[in-house]
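Once you have looked at the hints, place chain B on chain A.
Residues per chain, in single letters:
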Amino acid sequence: MSMQELTPSQAVSLEESLAAQKRTTRRQEVRGAIAIGVLWAITLLVAAIFVFIIIRLLIEGAPTLLQASFYGTGEAGIAPELFNTFYILILAEIFLFPISLAAAIFLVEYSRPGRFITVIHFAAETLSGVPSLVLGMFGFLIFVVYAHMGTSRLAGALTLLCLNFPLALRLYEQALETVPRDLREAGLALGSTRWHMIRTVVIPSALPGLITGLILTAGKIIGEAAALLFTMGLFNPTNVFTLNPLVASDTLTTRLYYIKGPGAGTLGLNSVQESALAAGLSAVLIILLLVINLSSRAIGRAIQRRITAA
Amino acid sequence: MQTLQRSRLADQVVRILFFICAILLVAVIIGVIAFIGSKAFLVFGEGANVKDYFLGTFWDPTGNSGTPSYEAGGLILGSVITTVVAMIIVTPLAIGTAVFFTEAAPRWLVRTMQPLIEIFTGIPSVVVGFLGLLVIVPLLQKLAAPIPGVFAPTAGYGWGAAILVLTIMVIPTTLSISIDALRAVPGSVREASLALGSTRWQMMINAVIPAASAGLGTAVVLGFTRAIGETLAVALVLGGSQIPKNIFSLAAFFQPSINITAPIAQDFGETAGAAQDAYWTLAFILLAITFIFVCISRYLASRSVYK
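Quick note, the sequences are listed as chains A and B, same order.
Under our numbering, the first sequence has 131 at position 131, and the numbering climbs by one with no breaks.
The number in our numbering is simply the position in the second sequence, starting from 1, with 1000 added.
For the record, the hints were derived by calculation from the structure and aren't laboratory data.
Among these hints, one or two may not hold up.
Claimed, not checked - Covered by chain A, per the in silico footprint, the following chain B stretches (three or more residues, Cβ under 8 Å):
1) 1121-1127
2) 1266-1279
3) 1287-1297
Idealized CB from N, CA, C, for every residue including glycine.
Next up, chain A with everything else stripped away, as it sits in the complex (with noise of 0.2 Å):
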């Protein structure tokens, strides 16, 4: 058959069957472009939503954030939840940044691989999956009432302690892991303990990642409201400016959560400065948020720097 002439019937029935192969192969470009187009409009819908928010929440805040009395203390100033919102980051990050630092430096220096790891990396996982109303509801009763710290923000400061261990635990691990092996054998080699090879090598080492890791779960802290409602109120006592760290107190989101929620018209203020003073709250932790993810971006940059140099 093969090197026989084509009959004009085969012949034409081969071109047939090249036409509808060339037919097929338009079809899939056309098909294939389709879909990419689609993926086009559902990629630059989503990318539209995020910066139409992010504008819209800095559009409505800033005449609010202009003004003076903004920043003061009186009913619609947020002075009083600005120091509470930096005075619960540093007091809760006395404690989660040295406790979940420990734990990582445990398991990725000390541990072996091996059950050990898989179960605390499951109870790490079980524990980021609880929603953080249901750790704040645990907080309220563990340290609240069992503990009888009352409402406070050592209270709030623990439960936040619980909310970002795991996050804290997974950044300050990959921080860790990113420090060549070589570098620890080195400093074993030199007869160093375990202890001393990890403050001297890994620790140096790992810094940048700590840093950025710390950025992270400071911005995890800051915009965490649910947590706090039971465990550090929605009041603050009169003379909130105290580092007692035994008394209630509110913070920019959940003064945001009280003022467009449950106390929504007990403020003394009418609803047009309601408005505005949630619109300025609202501003104001999209810009923190925003710094924090600038500043965490910068170290990230810095640490590339140091490893392309090296």
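What follows is chain B alone, placed relative to chain A:
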């Protein structure tokens, strides 16, 4: 010799200290399950019965209207409906974006969107709730006006607004996990598919997505976990204390309504005794649901070929 001994001793002490910190994590999760579990069933000995708790729809544990009523069926229905519908919207948007992002997007788009996604993963939920009040509720109020059975002054609040707010909250989570799953698929899978003559789209749909399916499943399941526990964003836009009466009509989505988390946020702090125990049962339901989701996501992750 003495310094050597001292540093050996320090090493041992530090080791034990760090071990305790690692174990603390396990202690916390066991504590959460044990303490909330121990409170979960108390309400059934204090006047509630199991059938009404899950099937009844009149939630009034503090007895504002006379006798306390522990019927959480409406709350559970609210959480299920808002979560499921939100995830039906989120899944195609997030996976579509992730596929485009990893397989076909121009570099400038990846550069601009990467930080946007990271910022949005950490956006405070109460801010999204405020945005819902600012933009979504008025919009839905206008859209819902012609629907029969909608009570105009309170229209816009409810499940519809909650679904949109949840969509905004969950997309970044599902999207970033999906992107990680797709990036884990090795280039050889793509090359093999293209070498067989696939178009780019055929490569995505027939090679890359199936190869990443377990990871994409994890992304969706973790989206569910995030959505069911979401509180303040949803609490601000639900605006009700009972489910709407006309629940089998379109109007039900645009009337003030309820879910599991909103009444906890609003009322738990002011309750005591049996009323508080009713809320502990709700907390236990949330805990159990998220635990099941975490187990599913772990199962899917263990089945994924590329990590």
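Of all the hints given earlier, name the ones this structure violates by number, lowest first. none
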